[in-house]
Amino acid sequence: MMVLVLNCGSSSLKYQLLNMETEQLLATGLVQRIGMEDAGFEYKVPGGKEIKEVTSILDHTAGIKKTLAALTHPEYGVVKSMDEITAVGHRVVHGGEAFTSSVLITDEVKSTLRALFDLAPLHNPPNLTGILAAEAALPGKPQVGVFDTAFHQTMPRTSFLYALPYAMYKRHKVRRYGFHGTSHRYVSERLAANLGKSLDEMKVITCHLGNGSSVAAILNGKSFDTSMGFTPLEGLIMGTRSGDVDPGALFYIMQREELTVQELNSMLNKHAGMKGVSGISSDARQIEEEMEKGEARAKETFDMVEYRLRKYIGAYAAAMNGVDAIIFTGGIGENSNLLRGAVCRNLTYLGVELDAEINNTRSKKERTISTPGSKVQVWVIPTNEELVIARDTVAVVGAANR
Amino acid sequence: MAIRTWGIIGTGLMGRGISELVASKGFDVIVVGHTPAELEAARQSLDLSLQHQIEHWAITEAEKKVTMARVQYTTDLTQLAHADFVLHALIADLEEDKQIFRTLDQICRKDVILASNTSTLSITEIAAATYRPDRVIGCHYVTPYTKTRVVEIVRGLKTSDSTVAEVKALVEALDRTGVEVYEATGYVTTRLIVPLINEACAVLMEGVATADDIDTAMRLGFEMARGPLETADQIGLDTVLIMCERLWREYGEVRYRPSRILKKLVRAGQLGVATGEGFFKYDKNGHRIKNGGAR
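One line per chain: the protein sequences are A and B, in this order.
The first sequence finishes on residue 402 if you use the working numbering, and the numbering steps up by one all the way, no holes.
The second sequence finishes on residue 697 if you use the working numbering, and the numbering steps up by one all the way, no holes.
Hints are computed from structural coordinates only; laboratory data are not their basis.
There may be inaccurate statements among the hints.
Short derived list, chain B residues pointing at chain A, Cβ under 10 Å [claimed, not checked]:
#1 A404
#2 R406
#3 D430
#4 Q455
#5 I456
#6 H458
#7 W459
#8 A460
#9 I461
#10 T462
#11 E498
#12 P546
#13 K549
Below, in silico cross-link-like pairs of lysine-lysine (BS3-like), each with a Cα-Cα straight-line distance of 30 Å or less [unchecked claim]:
#14 B:K683 to A:K14
#15 B:K666 to A:K270
#16 A:K14 to A:K365
Taking CB as the label site, the calculated pair distances span [to be verified]:
#17 A:T112 to B:A611: 54 to 60 Å
#18 A:Q255 to B:R662: 37 to 43 Å
#19 B:T550 to A:F251: 21 to 27 Å
#20 A:G398 to B:Y584: 47 to 53 Å
#21 A:I51 to B:V552: 21 to 27 Å
#22 B:A483 to A:K170: 51 to 57 Å
#23 A:Y252 to B:Y584: 44 to 50 Å
#24 B:V656 to A:K170: 52 to 58 Å
#25 B:T550 to A:Q255: 50 to 56 Å
The beta carbon of each residue, even a glycine, is placed where N, CA and C say it ideally should be.
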């Protein structure tokens with residue numbers, strides 16, 4: 001069973017083809033600048049042929065057709081014909097309260113997705129465009145939507161409600177939704193598999209640290225709380241996003257700088273975070289490099305990022321009345337031994353004991369970085385959202401055929 | 403055929419403003435001007451405007467670069483053969499407009515919509531100069547172009563329903579609201595703002611209040627973003643004068659007869675934001691210089 005996984009942005013499309021019997025990645029790539037005469041097409045077979053092309057790709061359907069042509073190419077393709085592709089799995093950012101798990105795409109699902117455009121105006125419209133394009137390019141193949149928010153739908157009301165007038169929730173569905181759900185779910189399940197234990201009766205804190213970052217408290221295998229809220233702006237300090245900030249400060253800034261709502265939105269999303277504080281870069285690697293050269297602002301930025309993350313871990317340990325394991329994932333979580341080290345060194349009160357040597361060893365493997373005696377296990381687990389999407393696609397399609 | 407590339411004729415405030423708006427929304431733009439110097443000035447003004455937006459946190463350096471890269475400048479009208487939609491954004495008289503549309507009719511692909519930003523000339527007459535009167539339409543943007551969120555969509559006698567529908571969709575893609583109006587000199591916006599400006603000039607001339615106080619009273623009194631005199635400076639006093647004269651000629655109503663102070667300022671070359679001084683003074687970014695800016 002072959003599954004095509006798609007992640008569609010407004011002018012881009014990332015894809016992976018997976019053989020789900022072996023869970024092996026067959027091909028991966030992306031299409032950029034869709035709608036342009038000079039669109040970019042990339043295609044890569046792991047350990048094999050790599051193609052980069054600049055060509056005219058006028059819409060998402062053309063992008064998917066181009067992808068299919070490469071996948072079935074007699075010379076460098078990985079399948080003989082499109083018939084071998086069984087289903088398509090789509091990453092969809094916002095499932096609102098309507099979707100608590102992955103679903104088979106139907107006309108009803110599509111109209112619900114349209115109704116959710118207001119909640120994620122930047123992401124959901126291109127996600128739907130991708131679904132329609134895949135339907136056009138692969139008629140008759142089942143399609144499955146996998147939502148970033150779905151995993152967090154188990155949060156209790158005390159976690160997801162804001163202390164705003166209740167009418168704001170009733171009228172506009174303003175509440176905490178949380179994001180990166182696919183990743184938080186995947187790494188927590190991988191932890192259970194590694195330990196040979198069930199997630200039931202486990203208290204896990206997962207830290208997805210990348211361009212966007214969030215922490216989740218996972219109680220008995222279910223999301224109990226998470227740091228991103230109504231939008232992906234809340235919570236941790238990120239590359240260019242502020243994370244938590246006093247809303248009162250924002251009204252003051254708007255007045256003093258004479259900013260419009262859009263300008264303020266842009267300030268918090270694109271000009272803040274590590275980039276805004278450091279004035280150096282939004283890239284954690286560069287911040288760490290400058291810090292090691294003795295740059296004071298880089299050091300301060302790193303310390304702020306670490307402190308905010310540690311506060312959240314402490315908060316979630318309190319939220320669950322304890323913690324059994326902490327997992328680091330995402331580009332920064334998987335690669336920054338400095339950040340992991342700094343966070344863990346200050347969590348000894350929880351019983352965290354880091355094995356500095358293992359922590360400092362670079363690896364792409366799933367690994368524990370705490371000592372055998374540590375009361376709380378600390379793990380690094382590389383995330384694989386595409387694999388989760390493909391697995392869910394297989395499961396949903398299987399259930400539908402039954 | 404999806405519209406990806408706009409052709410915009412004109413490098414005045416209107417041409418510059420609309421090309422910035424369109425490029426910032428992700429379209430490619432071919433700007434046509436008379437001279438290389440004029441085009442360079444337009445490019446610099448786009449650069450400055452985007453720089454200002456960065457200072458206001460609205461965009462990032464990377465987004466500025468992308469927007470700048472979307473705009474091409476040329477003095478060669480035939481480049482518009484590559485455009486999917488063409489907007490004429492120059493104040494001209496009817497004969498000049500007809501001539502340009504006749505030329506565009508020959509240069510542009512048959513399916514391309516030709517639009518005029520005029521608010522005072524007849525779309526029907528302009529359309530009649532082409533072999534595609536069904537594909538000619540009025541698209542009247544209101545200054546300041548990057549901020550104002552309404553576009554008057556004007557049907558000529560022969561403008562087709564599909565042309566209107568396509569332009570409506572295009573206006574929505576720019577995050578603007580389209581208001582459909584029938585051809586009548588001044589439509590809604592120009593016809594209502596011109597007498598207000600003209601009356602403000604009369605109030606100023608009679609010495610009832612200073613320019614600053616007139617604008618403050620109207621701004622605070624009616625929750626306007628700008629008072630009538632600053633609005634006139636934004637539009638360009640030369641443009642306001644032309645609008646007055648055309649409305650006056652068309653309707654024969656005294657309320658449209660241009661005020662003497664308006665004529666005086668235009669003769670003195672004080673045209674508003676474009677020249678740095680009109681009723682008020684402006685800096686290079688087109689922002690009003692507070693205190694000392696008032697006449």
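Hints versus structure:
1. The closest approach between the C-beta of B:A404 and any C-beta of chain A is roughly 7 Å, which is under the 10 Å cut-off, so the hint is satisfied.
2. With its C-beta approaching chain A no nearer than about 6 Å, B:R406 sits inside the 10 Å limit, and its interface hint holds.
3. Look at B:D430: its Cβ gets to within about 8 Å of chain A, closer than 10 Å, so that hint holds up.
4. Proximity of B:Q455 to chain A holds as hinted, the smallest CB-CB distance being about 8 Å (cut-off 10 Å).
5. Given the 10 Å rule on beta carbons, the hint for B:I456 holds: about 9 Å separates it from the nearest Cβ of chain A.
6. Annotation: B:H458 was flagged as interfacial toward chain A, and the flag holds, the nearest CB pair being 5 Å apart, inside 10 Å.
7. Interface restraint check for B:W459: the shortest CB-CB distance to chain A comes to about 4 Å, inside 10 Å, so the restraint holds.
8. Because the beta carbon of B:A460 sits about 5 Å from the nearest beta carbon in chain A, less than 10 Å, this interface hint is met.
9. At a threshold of 10 Å, the smallest CB-CB gap from B:I461 to chain A is about 7 Å, leaving the interface hint in force.
10. For B:T462, the interface hint holds, the least distance from its beta-carbon to any beta-carbon of chain A being 5 Å, beneath 10 Å.
11. A hinted interface residue such as B:E498 counts as satisfied when its beta carbon comes closer than 10 Å to some beta carbon of chain A; here the least separation is about 33 Å, so the hint is violated.
12. Evaluation of the B:P546 hint against chain A yields a violated restraint, the C-beta minimum of about 13 Å exceeding 10 Å.
13. Interface hint at B:K549: satisfied, since its Cβ lies 9 Å from the closest Cβ of chain A, which is below the 10 Å cut-off.
14. Restraint check for B:K683 and A:K14: the C-alpha separation of about 51 Å exceeds 30 Å, so the hint is violated.
15. Restraint check: the Cα-Cα separation between B:K666 and A:K270 comes to about 47 Å, which exceeds 30 Å; the hinted pair is violated.
16. Distance hint between A:K14 and A:K365 is fulfilled; the C-alpha atoms sit about 24 Å from each other, no more than 30 Å.
17. Judged by the Cβ atoms, the range 54 to 60 Å given for A:T112 and B:A611 holds: they are separated by roughly 57 Å.
18. Checked against the hint of 37 to 43 Å, the C-beta distance between A:Q255 and B:R662 comes to roughly 41 Å, which is consistent with it.
19. Taking the beta carbon of each, B:T550 and A:F251 are about 26 Å apart, inside 21 to 27 Å as hinted.
20. The hint said 47 to 53 Å for the Cβ distance between A:G398 and B:Y584, and at roughly 59 Å that hint is violated.
21. Between A:I51 and B:V552 the beta carbons are some 47 Å apart, a value that contradicts the proposed interval 21 to 27 Å.
22. Judged by the Cβ atoms, the range 51 to 57 Å given for B:A483 and A:K170 holds: they are separated by roughly 55 Å.
23. The hinted window of 44 to 50 Å between A:Y252 and B:Y584 holds, with their beta carbons roughly 47 Å apart.
24. Range check, B:V656 to A:K170: Cβ separation about 56 Å, and the 52 to 58 Å hint holds.
25. Checked against the given bound of 50 to 56 Å, the beta carbons of B:T550 and A:Q255, roughly 23 Å apart, lie outside it.
Of the numbered hints listed earlier, those contradicted by the structure are 11, 12, 14, 15, 20, 21, 25.
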